[in-house]
Amino acid sequence: MRIPRIRPEYFVPRNAGHHLPVYTDFRSGGAQCFILIKNVQGHAPALAKDLSASLFDPADPVAAHMRIEQHSSRLVIKGARPEWKNRVVDWLRERGF
1 MRIPRIRPEY FVPRNAGHHL PVYTDFRSGG AQCFILIKNV QGHAPALAKD
51 LSASLFDPAD PVAAHMRIEQ HSSRLVIKGA RPEWKNRVVD WLRERGF
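So the sequence shown is numbered by this note's numbering: it starts at 1 and just counts up by one.
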């Protein structure tokens with residue numbers, strides 16, 4: 001018996017170098033770290049909800065201050081840590097992006 005695969009409402013295509021478009025950005029002299037997910041196609045708020053629900057533990061005090069905002073076709077994770085970029089990339093890879 002084959003289990004049908006549920007397609008998410010969003011898609012994150014790879015860039016020209018075949019990498020996922022996930023980047024870190026530092027502002028205010030390195031005091032603020034942002035993680036950017038660019039070129040989100042489809043329902044970006046659903047991606048933000050799935051990321052926050054399954055990847056970041058709400059009991060973690062740092063993750064409690066994190067916000068995910070949508071700016072046109074990209075998501076910006078504010079209040080992030082630089083090492084979370086790898087967690088986001090791994091999460092997207094596990095889901096077939």
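Since the hints were derived computationally from the structure, they do not count as laboratory data.
One or more of the hints may lead you astray.
[Claimed, not checked] DSS-like cross-link-like pairs, simulated, lysine-lysine; straight-line CA separation at most 27 Å:
(1) Lys49 x Lys85
(2) Lys49 x Lys38
(3) Lys85 x Lys38
[Unchecked claim] Distance windows between CB atoms, simulated:
(4) His18 x Ala64: 28 to 38 Å
(5) His18 x Ala59: 17 to 27 Å
(6) Asn86 x Ala59: 13 to 23 Å
(7) Ser28 x Ala64: 14 to 24 Å
(8) Arg95 x Pro58: 35 to 45 Å
Since we're looking at a predicted model, the values are computed, not measured.
Glycine included, C-beta positions come from ideal geometry on N, C-alpha and C.
Check: Against which earlier hints does the structure fall short, listed by number upward?
Finding: The structure breaks hints 5 and 8; every other hint is satisfied.
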